[in-house]
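*Asks:* Protein sequence lines correspond, in order, to chains A and B. Heads up, the first sequence is in my numbering, so the first residue is 1 and it goes up one at a time. Heads up, the second sequence is in my numbering, so the first residue is 1 and it goes up one at a time.
No lab work stands behind these hints, which were simulated from the structure alone. Be careful, since some hints might not be right.
Under the rule of at most 20 Å between Cα atoms (straight-line distance), these lysine to any residue pairs were calculated in the SDA-like manner [as the list claims (entries may be wrong)]:
id, chain 1, residue 1, chain 2, residue 2
1, A, Lys60, B, Asp225
2, B, Lys969, B, Tyr872
3, A, Lys60, B, Glu222
4, B, Lys60, A, Glu222
5, A, Lys286, B, Ser85
6, A, Lys60, B, Asn240
7, B, Lys89, A, Ala32
According to the in silico footprint, chain B covers these stretches of chain A (three or more CB under 8 Å from chain B) [what the hints assert, rightly or not]:
id, region
8, 81-87
9, 226-237
Far from chain B, some chain A residues (derived; all Cβ distances over 10 Å) [stated by the list, open to error]:
id, residue
10, Ala29
11, Thr259
12, Gln588
13, Leu776
The beta carbon of each residue, even a glycine, is placed where N, CA and C say it ideally should be.
Protein chains: 2
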Amino acid sequence: MAITSPSLLLLLYHLLVASASWWQLTGAAYIAYNTSGGVVPGKLNVHLVPHTHDDVGWLKTIDQYYVGSYNSIQAFFYRWWRQQSDATKKAVRGLVSSGQLEFINGGWCMHDEAAVHYVDMIDQTTLGHQFLKEEFGFLPRIGWQIDPFGHSAVQAYLLGSEVGFDALYFSRIDYQDRQKRKDTKTLEVVWQGSRTLGSSAEIFTGIFPENYEPPPGDFYFEVNDKSPVIQDDPLLFDYNVQQRVDDFVAAALAQANITRTNHIMFTMGTDFKYQYANSWFRQMDKFIHYVNKDGRINVLYSTPSIYTDAKHAANEAWPLKIDDFFPYADRANGYWTGYFTSRPALKGYVRTLSSYYVAARQLEFLKGRTSSGPTTDSLGDALAIAQHHDAITGTEKQHVANDYAKRLAIGYAEAAKVVQSSLTSLTESISGSGHQMKATIYDQCPLLNISYCPPSESDIYDVKSLVVLVYNSLGWRREDIIRIPVMSDSILVVDHEGKEIESQLLPINSALLTLRNNYVEAYMGISPNVTPKYWLAIPVTVEPLGFATYFIKSAKQTGSRAAMSMVYSSQGMENAKTEIEQGNLKLQFDQDGKLTHYVNKRSLVKSSIEQAYSYYSGSTGTFIDPQASGAYIFRPSGKFPIKLEEKVPLTILEGPLIHEVHQQINSWIYQVTRIYKTKEHVEVEFIVGPIPVDDGIGKELVTQITTTINSSKTFYSDSNGRDFIKRIRDYRSDWELQVNQPEAGNYYPINLGTYIEDDTTELSILVDRAVGGTSLVDGQIELMLHRRLLHDDGKGVAESLNEKICINSKCEGLAIQGKLYIRIDPLGEGAQWRRSTGQQIYSPFLIAFSEEHGGNWSNSHVTSFSMMDSSYSLPDNVALITLQELEDGSVLLRLAHLYEVGEDKHLSKMAYIELKKMFPGKKISNITEMNLSANQERVEMEKTKLKWVVENSSSAETVLRGGLVDPSKLVVELGPMEIRTFILKFDYAHIGSIDR
Amino acid sequence: MAITSPSLLLLLYHLLVASASWWQLTGAAYIAYNTSGGVVPGKLNVHLVPHTHDDVGWLKTIDQYYVGSYNSIQAFFYRWWRQQSDATKKAVRGLVSSGQLEFINGGWCMHDEAAVHYVDMIDQTTLGHQFLKEEFGFLPRIGWQIDPFGHSAVQAYLLGSEVGFDALYFSRIDYQDRQKRKDTKTLEVVWQGSRTLGSSAEIFTGIFPENYEPPPGDFYFEVNDKSPVIQDDPLLFDYNVQQRVDDFVAAALAQANITRTNHIMFTMGTDFKYQYANSWFRQMDKFIHYVNKDGRINVLYSTPSIYTDAKHAANEAWPLKIDDFFPYADRANGYWTGYFTSRPALKGYVRTLSSYYVAARQLEFLKGRTSSGPTTDSLGDALAIAQHHDAITGTEKQHVANDYAKRLAIGYAEAAKVVQSSLTSLTESISGSGHQMKATIYDQCPLLNISYCPPSESDIYDVKSLVVLVYNSLGWRREDIIRIPVMSDSILVVDHEGKEIESQLLPINSALLTLRNNYVEAYMGISPNVTPKYWLAIPVTVEPLGFATYFIKSAKQTGSRAAMSMVYSSQGMENAKTEIEQGNLKLQFDQDGKLTHYVNKRSLVKSSIEQAYSYYSGSTGTFIDPQASGAYIFRPSGKFPIKLEEKVPLTILEGPLIHEVHQQINSWIYQVTRIYKTKEHVEVEFIVGPIPVDDGIGKELVTQITTTINSSKTFYSDSNGRDFIKRIRDYRSDWELQVNQPEAGNYYPINLGTYIEDDTTELSILVDRAVGGTSLVDGQIELMLHRRLLHDDGKGVAESLNEKICINSKCEGLAIQGKLYIRIDPLGEGAQWRRSTGQQIYSPFLIAFSEEHGGNWSNSHVTSFSMMDSSYSLPDNVALITLQELEDGSVLLRLAHLYEVGEDKHLSKMAYIELKKMFPGKKISNITEMNLSANQERVEMEKTKLKWVVENSSSAETVLRGGLVDPSKLVVELGPMEIRTFILKFDYAHIGSIDR
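Isolated chain A (complex conformation):
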């Protein structure tokens, strides 16, 4: 052979060592890979768990994610399931029943664990478990919280153990914690999340060595992934079986080195994978085949259940874990504590609708569920989706946040119809009025918080009265003050007995009115044509699970009228202190307008107190570490106190019910400090924002409440609104903390509230939504209220957290309106306030409006009502958290004890609920206690749940739990922190006073 140029006659060298015929592409080469083996005793067993993690919205909306990639092995399962043919459904059912496809977690989404309320966690998990049970008869066994950014005690004991899970798996824990656990083989533990319920609510918990992806060493096999596939055809180039087998064995041995027992799990997947499932399974088939042929270790297709059973069978004793896994840091400057506060408006909206959903389901039950709709289901669905760990967390892109809000708004609208028709039905149910009436229409005002409420903004009290119906979704009788915007000062309020009520008019401040007009236009597309002048404050009293009716009438026809607040300014009063006093509470402000003293005449607490604002400047990254502050991460570069602007004086409003001190702290912080005649706490209402960023600096706004309490580095924060967990500044109980971020590293999620204490006194603060908080100085609580940042923090969302509101195309930063509730108690007395007021904050009155023409309302309408026996209300330590009619007509009832063991000297005790009095006039024909997610009977769950051995466990523990319910007595016992779930069946032959 003569070649004309030698240049590409290369690799003849290779040729010399190659058999001349191996290139020949002939002959059969089909290989049947053997993947049928299971666990092999005595060998290291690698459990391959093929999985995909599909965020229910993040960078795209949930529907965009779902529709965009059509795929049989991924989440959004419900959407997918609906669209399948019977043949596909049958095939999937086969895979589920053979164990090849296993549902894990099984919630409607994989909820966040920091910014979610336990009621929402329960509801969304119940929704998912209900679907799986109905369609597949399937009960999930495994908790799978692989992505949430830290892990809560409530997740472990309530949404884990109490649901009946045998294990819980996740990946994100502090990097220092992880290192220690690897070093000590303590990545797998038994977790007792509740101090109160202890070992009765523990769960085996596995933390992955790094993340929820395949192990290091190139084992990613999505379409377009770059990991080397196994080339096992000797007739093609680059045969690499041995090399890949060696890679795999090395990865397995490395993981075995940090794991107890001879079982390890490889999580074979990650975010949004298995779009083409074959691309993964083909490679895993080959790994199983060739690694098992190699024989050093054993590989098998597995599921988290199979893995859990293998771990259990190993009879190992596991380390004990208590408390929780907050905060989460993935590196020295990477504290994922910003998202505790990110998107406070979305967090607030979710919290508001959470309680609305509780109330609406009660009203749906009271009227009777209508299968043809409307129902509360779409609100339940939207709320469930909103609990996703890139939804409520605020870590989604803006358009995705908009989508969640849209779904919530749509869900609300349908639930509002249920509420309206239920109220219509309940109020018109006077027997005997046989003549045909026009159905009463009840309007609601979702924008009442910003004083937008068209039904009440009427000037026509001459001809008719405004009917205000107030529904109380708590199980307790309740007195409180409602506020509605009105146009006129010439009005008065009468109750359902026709008796005049002392009410108070408070001029609406211009800061709120500006917000009202702008935000109504921005979100409703409406420019309001009238502007209310006053808040009308009305003290109301409503029976448990019931309503009361009030009437606002023109005052012209009578002598008396609503009391106008006295308004004065501190401007003239140079060097004078300002003092306001209502009921038992007295507050003092100094000449600069700063709150200085708090006095409770009843409890005799006297305390100096300060409240101030500061902001952190968001880091944009440093030379050494480019980590920026962003939607997930809180990384401050400085902290700057916000001084009161001297020119703006205090404005004081005083009246018979309420005193308010208004302060324009600076151009973008407006605050009202409010005390009530009938309450012993301070209510701080703030409007913050738009946070200015013209200086190019992102800011994170905090408020500090400072006392002289000697809190010794210690404070308490709630777990998902339920148990309080002790936090110690710059300290972790599980490892020797290396402090890198003295502020961000001490932040914790707060859903209900936080408190500090010393030998004599405790300071409690409750919140109206999820926020981040800490105590950086003894005696002080700091809460983060709002964040506006200009840099992305590199965790994937690829958008800066810079929320805006736009009217037409003119945009400005988003303002947040919210409330804090502050109280100082003698030591030991705070818990009761925190728990009961906490319930009131979570479940405000549901207010509906109608009109009375001609004064004959009471003749034709029920004006007050309680579902319960008139002599009965729930015990003070018990809350009704679910009352819901299911599709089959049975009723889901959940009762929650509100106190931990030792939390309150009177209330941390067994509670008794008399169901007969809760449901007078109905006969409970059947009661079944269920697990928390109501997909199985509690006794069955207890029987089948795996028991785990804890290292060095003492047996001194006693846990107080309620006993079985005697069907004849129907008294439910609740031990501290217990939540019990029941399915009730009513015998409708015994219809009582409630018209169904």
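Use these hints to put chain B onto chain A, whose structure you have.
*Replies:* Frame of chain A; chain B shown alone:
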């Protein structure tokens, strides 16, 4: 509802217009899409053709592409097929027989059309068609050359019509041509690629409107593609059925506007798609369902065959297209004419092995195919792959080019074993020598071109002789001169009759020796330990399809010896002209060393002639158009003549057989101008490179041969080494050319050669591999020899064409060694030289070496041989292009007429081949004429092939074709340009003189 912040209560506006229940995610939503319809008469029919285009190597090697993405609907089909289970194979066979899966083109690859030789095109297509026939009984009907960068006449008539295709489809034509064709509805034509065969070899040809992708308007549905999918679930957000239907209809109408008949094709795919086929089919299902429901147009799943049949059934008359579609430009500065030359070493290697494969198959046939191997199959496979339009083109990444070369080297090595054993068998087949002999070993020297040939580099002629066996794969008796490197000047050559031959020794120049030592080390990993001193030139004479044996012996034992060349330098001869003369040819060089005159004493041609080098500087893009010169694109930014370096004089070698003039043109161009006693052309051998790029400028080296021929802007270039096509500078016959690139836009691919002519004279140049060429000045031919560029040209390869050779880690630019053949003839006499010398260049002698000990070679070996009858050789106008024993023992025979109609006054005539004399001593028991790719009988093909109506066609044409072969006479008739393909069966009962 009271919300704590209004900010995300957005989109209530939407809510007002939305039905409250549509959000509810319940109820069945499975939709059975109706895709069962076919063509609907009277409507616009959109044929959806799902396809993927998977380059057989480009950015990754062929095996990397194949193994990396495992996929049922893609090419590399043969590799995939081997690995399938019987169940899968059965399913695929079902899809093929139902027409749901259609093989189109069906070659081993989708070959290039510019840089490929027609013999290679035929071989690779035959290989693919053979596989499809064997496995599926399937005969491809459609040519599908969607990606090659321009389209050749040979593709249309030979690899299209003569294969039996009913249509040919592709996309890449000049953008100006495309625009005119759109404007005139002439994108679909009947193409007659051959002037000679005219309408007897025409094919319906469809050019896609833009590319081979889905139409404009977002219809890409690969995993991760961004086109909006059809969201047809009314219960999810963003329902978009009507919008997407409108998009589709708009795209269809736009295409219908530029297309004749009411059938249009949407090519639903592009490069490397359908990795997850479902992602496409799911959307196409929906489009078919909803667009047909809409009713404005009709959509159907189709294939190119179905589309072609629909076009044919429309009874339309189509415009006529002749010649070809070169050059291709996709924009004003985007002429894809660089790749005609890119990677000249790879192009040369492929050409070399192409002819070696022809010869090796002859020798395999002569010995008898051994099913246990070795065979020539792996060389056939490697060559087939190398014809891919990103292989031979030079437009692949470097590592992929290396892979092609590796495959070729491996294929060569196996074929060399076939050659060796065949030669052993043929030379040892003396009957009667019954005693056991040691088998004769024949070595070959693939690096002979750079003077590396270990068998001949021996100094030991004292004890033994070097046996040189010369095989002639042409069908003609042949006299030529071979050259082998030797160590000693004290040698002589005798022929097989023992008669001494006049031979000549030529000192090997140091430029070549440097190349030799470096490249042997770089590619073989061997540092040669001896260096040959001389080329030994030996005139040899070999019978057709036969061999002759020569012996090189020590001259010491005799008086005579090989003649040493006289070597002198022009250095002393100031102002003197240099003149050399051999046989009929005389050349003159001026005092600067420039060739000036060419004289042929026989033909009396006297012509002034110049040969010079220039380089184009490769554009790196301009401000207006960033297009750079690169692997595909030729875009010069300037042209610079290379001047002779004055200090280096001519070195002249003169001897009895050959005269050579050596010139070091500059530091990186070395040239030998050579004339032979027995030849009437000038051979120019050059070593060019490394092209210097230290100045940061990429360069493209050209040589110009300039005469005074008045060529009137006209020159001729071959189509894939076969038909010559007339080219006119700055002109296209199909449209009014707008000239943007006066150099790049006039370049054409050259595989065989090019010529210019005027009233009296013609200048012909033949090449040894594919190059680009042009005539930019009347009387001048310019050829591009080498390219080294520093920028990528943005066509996807993402690598600059900067070839290097490395020894250890020291790299320099690649050098190219090659040859040009130049001749000037009286007008009308060039064709015969071009065709017959062209065959010799394509098929050089195959040389093998052995050793003779003791002078008894002739007693024990056959020393000369011809397969054919000793009185017979093929006619001068006929070439044997395939002689191959197939697996079943039958023999594939292809005979090609070498002349076009009117090309030569004596040879453009019917030729007659006597098969009985071709195969003396064998009985042809059966002869069947086949189509070109030999997968069906020619008569069947003619019967079933669709006939098309041509617009305004005249019926004056007469085409000369050979008639049916009379099996008793066995004389094959061949009309001009005809290639006829036969399957022969021999009756081995009649074994003659050839030992099988």
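*Asks:* Run every hint past the structure and note whether it holds.
*Replies:* Here is how each hint holds up against the structure:
{"no.": "1", "hint": "Lys60/A <-> Asp225/B", "in the structure": "holds (14 Å)"}
{"no.": "2", "hint": "Lys969/B <-> Tyr872/B", "in the structure": "holds (16 Å)"}
{"no.": "3", "hint": "Lys60/A <-> Glu222/B", "in the structure": "holds (18 Å)"}
{"no.": "4", "hint": "Lys60/B <-> Glu222/A", "in the structure": "holds (18 Å)"}
{"no.": "5", "hint": "Lys286/A <-> Ser85/B", "in the structure": "holds (15 Å)"}
{"no.": "6", "hint": "Lys60/A <-> Asn240/B", "in the structure": "holds (17 Å)"}
{"no.": "7", "hint": "Lys89/B <-> Ala32/A", "in the structure": "holds (14 Å)"}
{"no.": "8", "hint": "81-87", "in the structure": "holds (count 5)"}
{"no.": "9", "hint": "226-237", "in the structure": "holds (count 6)"}
{"no.": "10", "hint": "Ala29", "in the structure": "violated (5 Å)"}
{"no.": "11", "hint": "Thr259", "in the structure": "holds (32 Å)"}
{"no.": "12", "hint": "Gln588", "in the structure": "holds (28 Å)"}
{"no.": "13", "hint": "Leu776", "in the structure": "holds (26 Å)"}
In summary, the one numbered hint that this structure violates is 10.
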